[in-house]
Amino acid sequence: MRARWASNRLNPRRFIHSLVTSWGEYSRISITEYNADDEKFLFAKIKITKNLILKSNLLILLSLIFIGINLLISKFCIFTLDNFNQYVQSSYNMNLYLGFNKRFQGLREFHNAFQVPNQLELYINQNGVNNQFNYNYSSVAMISYINEVYKTQENPKEYLLNQTMDFHWGDWINLSRANPFVKMYPDLLKRFGNSKDEVYNYYKTMCQFVLEDKVPNYEDYHLFKNHAYLFEQLQGIEICGAIEKYYYSPVPERIMLETDYHYHVVGVNPKRLDKPLGIEGLAKRYYNTEDINSKNIEAINPNDGKEIAQKLKWNYRAKGYKISNFGLKRFVNQDSSAFKEPNVLNEINELEKNKFKLTQREQKRLEFLKYSNDHLNEKQPFYFTSVQVDIDNKDAVLHHYNYPWMQKILCNEETIKIVHHMIRSWFKFAENAQVVSWFDYGNLYGWYFSGQNLPWDTDVDVQISIQDQEKLGQYYNNTLVIENPDLGDHLFFYQTNPWYLQPHRGQHIDSRYIDVRSGIYIDISCLWLDKSIEDYEKEDQENAKKANDEGKDIPKKTPRQIHCKNNHHFPLDDIFPLRRTLFEGAQAYIHYKPREVLWSLYGEGCTDKNYNNDHNWQKDIGMWVQNQICEKEAIPPTNERFDDNGDLTLKGACNDVEILETFKLNQKPYELHLKEFHVVVGKGEDGSELSEKEFPIYRFYDSSEFQ
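Residue numbering for the sequence shown follows my numbering, beginning at 1 and increasing consecutively.
Errors might be hidden in some of the hints.
[Stated by the list, open to error] Lysine to aspartate or glutamate pairs mimicking EDC-like chemistry, simulated, CA-CA at most 16 Å apart:
| hint | residue 1 | residue 2 |
| --- | --- | --- |
| 1 | Lys557 | Asp523 |
| 2 | Lys329 | Glu694 |
| 3 | Lys651 | Glu631 |
| 4 | Lys295 | Glu280 |
| 5 | Lys311 | Asp260 |
| 6 | Lys565 | Asp461 |
| 7 | Lys364 | Asp260 |
| 8 | Lys556 | Asp573 |
| 9 | Lys557 | Glu542 |
| 10 | Lys664 | Glu692 |
| 11 | Lys651 | Asp620 |
| 12 | Lys329 | Asp686 |
| 13 | Lys329 | Glu692 |
| 14 | Lys340 | Glu154 |
| 15 | Lys319 | Glu148 |
| 16 | Lys471 | Glu347 |
| 17 | Lys271 | Glu253 |
| 18 | Lys619 | Glu671 |
| 19 | Lys275 | Glu352 |
| 20 | Lys651 | Glu661 |
| 21 | Lys284 | Asp166 |
| 22 | Lys565 | Glu341 |
| 23 | Lys364 | Glu347 |
| 24 | Lys668 | Asp620 |
| 25 | Lys693 | Glu253 |
| 26 | Lys364 | Glu352 |
| 27 | Lys284 | Glu298 |
| 28 | Lys651 | Glu633 |
| 29 | Lys693 | Glu671 |
| 30 | Lys319 | Glu542 |
| 31 | Lys313 | Asp486 |
| 32 | Lys552 | Glu537 |
| 33 | Lys683 | Glu596 |
| 34 | Lys370 | Asp335 |
| 35 | Lys340 | Asp530 |
Quick caveat, the hints were computed from the structure, so don't treat them as lab data.
Could you build all of it, start to finish, from the sequences and the hints given here?
Rendered as structure tokens:
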């Protein structure tokens, strides 16, 4: 309707017609009234003529003004009939940019960026119909490319690694919020003497207010009072994050396609593309050819990833490759040496002995170790960025999003669905990398009660040994993982903290597994021995000698303790051997003594609490329910919650449809968890046979459901 209104307003013929119509009653004067008196008639005639001339001149003048304005508008590309939708989008983007930082207003380059072009220049993610970004194009193009390589190449694995792919984050993530900045970038580059570093510093200055909560106090008070600040700041975060990913976020070192039989690894060109490939470039990747046409592009279905992945599996087998099994083992043990602090100097010396024969990876490793060792005693800023806003201090909602990957605040239902996929992907990724990890803290607490993540816990905490962190840092840093197409269409980015060798508390998160379309992440912390192995062995020898001298039995060895950088200490015997379990329906590892670990973290009464974080535990339905929905006397009695078939009724679900739907999803995993809990926690026995098979994915995330 708005477009039609604009068209009518700017149509000269309609405009003039409307003027004539509206002025009609003033320009029509009947001359029959003057027939009785010729003089009066002549006077009236002259008056009519002058009136018509005046009106005509005025009409011509207005028409010329109108035409001139339209020519002026068209000349400066502000608003034409053909770009009304772009005008609306441009105005909206301009308001967003001014909303998060009004300093843009004074820049000529800023105003130039918001002149509406006649062509569709405002879009950088042109890999979808009608310029609507569809991230599945990039994933399905990569899956198809891998399949084509397996069909045509004699050694497909080597080919995929060596024929590196060009990369830009704009093909994988919606970066439309960066469009105005992208458009003004060439002019900004000129302004700063063609120095990209200066443009980067300018961007950082513009964004530091929104990222570090540095809005002036006088403005803060007004915005706090009107509850508008958080909303405006979130828009600024989205804009700054999009710019960061477009120009500055690290390019993946490799792309891995996750499947249930193999991780397909594709090498990536370390030089970032200046701009996204777009739909045409992705089509060339899809068909693995430079020769494509419009029909080829139209034939691509971004939702065909699962079907193409099945063809890939057939071609993989046809090459004679063995099928891998990423199922977790029933028990996993790890020797205390895995938690031994790395001897950085020894490794540097060993690498430098062969410095002229080092591979590219070994050379990179040497440079990293030398730099890290030189700065070992310097306390570096925390590597991973989360946004802190004063308004958000109480609940710290934004703390659970990784910048720049965050795009919006998610509701709990969205977060739970993303975590459901992320946990399953992480433990398969770790199994493929041959590293041992287990979940802890709030996730262990959630497992203890229901085998599910806590509804108020929006991230995942896992732990690994320092030696396994070393392996991940060397071989898997900056890896982009495409989720198994049979399970979903998520993208995960594994990133190592370059300061993980520093034992400072400020670097307590050593790496992250990040959902790049939401910013939700898994925190990965490595554990170290409290003492060196030599100190433990010396203590054992001294205790044995003392017992021998006193004629006593030789005591058991001193329990080995390990700790994270937040000074949480764990007896090694409480953790190992790790048990296989099901968490969120997927195989994962937990401590050998889960209850004892929870008691050491939160106190012995923690496992008996029925109230926590404004939720109450309702064992008969296996859910933590918000107190405001139902608690205490409002909770229906167990014998009134279910119908004759054993199904939860709406009344039994506290008349809450969401509880009813969640119960249906969780019911079978919860029933199995109760059996496992009885064996593992109740009896202290082996319950791993109950985790032999995973449940199919039962939480599917579609962002369009939450728009």
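These are the hints, each one checked on the structure:
1. For a cut-off of 16 Å, the pair hint linking Lys557 to Asp523 is broken: about 33 Å separates their Cα positions.
2. The hinted pair formed by Lys329 and Glu694 meets the criterion: a straight-line CA distance of about 13 Å does not exceed 16 Å.
3. As the CA atoms of Lys651 and Glu631 are separated by approximately 14 Å, the hinted pair is consistent with the 16 Å bound.
4. This hinted pair checks out: Lys295 and Glu280 have alpha carbons roughly 11 Å apart, not beyond 16 Å.
5. Among the hinted pairs, Lys311 with Asp260 is consistent with the structure: their alpha-carbon atoms are about 14 Å apart, no more than 16 Å.
6. Our distance criterion of 16 Å between C-alpha atoms is met by Lys565 and Asp461, whose separation comes to about 14 Å.
7. Among the hinted pairs, Lys364 with Asp260 is inconsistent with the structure: their alpha-carbon atoms are about 31 Å apart, more than 16 Å.
8. Our distance criterion of 16 Å between C-alpha atoms is met by Lys556 and Asp573, whose separation comes to about 13 Å.
9. Of the supplied pair hints, the one linking Lys557 and Glu542 holds, its CA atoms being roughly 11 Å apart against a limit of 16 Å.
10. Taking the CA atoms of Lys664 and Glu692, the gap is near 22 Å; set against the 16 Å cutoff, the hint is violated.
11. Taken as a hint, the Lys651 and Asp620 pair is honoured in the structure, with Cα atoms around 14 Å apart against an allowance of 16 Å.
12. At most 16 Å may separate the alpha-carbon atoms for a hinted pair to count; Lys329 and Asp686 meet this at roughly 13 Å.
13. A hinted pair counts as satisfied when its Cα atoms are at most 16 Å apart, and Lys329 with Glu692 qualifies at roughly 9 Å.
14. Under the criterion of a C-alpha separation no larger than 16 Å, the hint pairing Lys340 with Glu154 is inconsistent with the structure, at around 43 Å.
15. A C-alpha spacing of about 13 Å is found between Lys319 and Glu148, which places the hinted pair at or below 16 Å, so the restraint holds.
16. Simply put, Lys471 and Glu347 have alpha-carbon atoms about 14 Å apart, close enough for the 16 Å limit, and the pair holds.
17. Distance hint between Lys271 and Glu253 is fulfilled; the C-alpha atoms sit about 10 Å from each other, no more than 16 Å.
18. A C-alpha spacing of about 11 Å is found between Lys619 and Glu671, which places the hinted pair at or below 16 Å, so the restraint holds.
19. In summary, the hint linking Lys275 to Glu352 is not supported, as the alpha carbons are separated by about 39 Å, beyond the 16 Å threshold.
20. Under the criterion of a C-alpha separation no larger than 16 Å, the hint pairing Lys651 with Glu661 is consistent with the structure, at around 13 Å.
21. With a CA separation close to 12 Å, the supplied pair Lys284 and Asp166 stays within the 16 Å bound.
22. With a C-alpha separation of about 13 Å, the suggested pairing of Lys565 with Glu341 holds against the 16 Å cut-off.
23. About 13 Å separates the Cα atoms of Lys364 and Glu347, which keeps this hinted pair within 16 Å; it holds.
24. As the CA atoms of Lys668 and Asp620 are separated by approximately 13 Å, the hinted pair is consistent with the 16 Å bound.
25. Annotation: proposed proximity of Lys693 to Glu253 is violated, straight-line Cα distance about 33 Å (limit 16 Å).
26. Only pairs whose Cα atoms come within 16 Å are accepted, and Lys364 paired with Glu352 is accepted, the gap being roughly 12 Å.
27. Restraint check: the Cα-Cα separation between Lys284 and Glu298 comes to about 13 Å, which is no more than 16 Å; the hinted pair holds.
28. About 14 Å separates the Cα atoms of Lys651 and Glu633, which keeps this hinted pair within 16 Å; it holds.
29. Restraint check for Lys693 and Glu671: satisfied, since their Cα atoms lie roughly 14 Å apart, inside the 16 Å limit.
30. Straight-line distance between C-alpha atoms of Lys319 and Glu542 comes to about 59 Å, which puts the hinted pair past the 16 Å bound.
31. The straight-line distance between the Cα atoms of Lys313 and Asp486 is roughly 12 Å, inside the 16 Å bound, and the hint therefore holds.
32. With a CA separation close to 19 Å, the supplied pair Lys552 and Glu537 exceeds the 16 Å bound.
33. Restraint check: the Cα-Cα separation between Lys683 and Glu596 comes to about 14 Å, which is no more than 16 Å; the hinted pair holds.
34. Only pairs whose Cα atoms come within 16 Å are accepted, and Lys370 paired with Asp335 is rejected, the gap being roughly 28 Å.
35. Annotation: proposed proximity of Lys340 to Asp530 holds, straight-line Cα distance about 9 Å (limit 16 Å).
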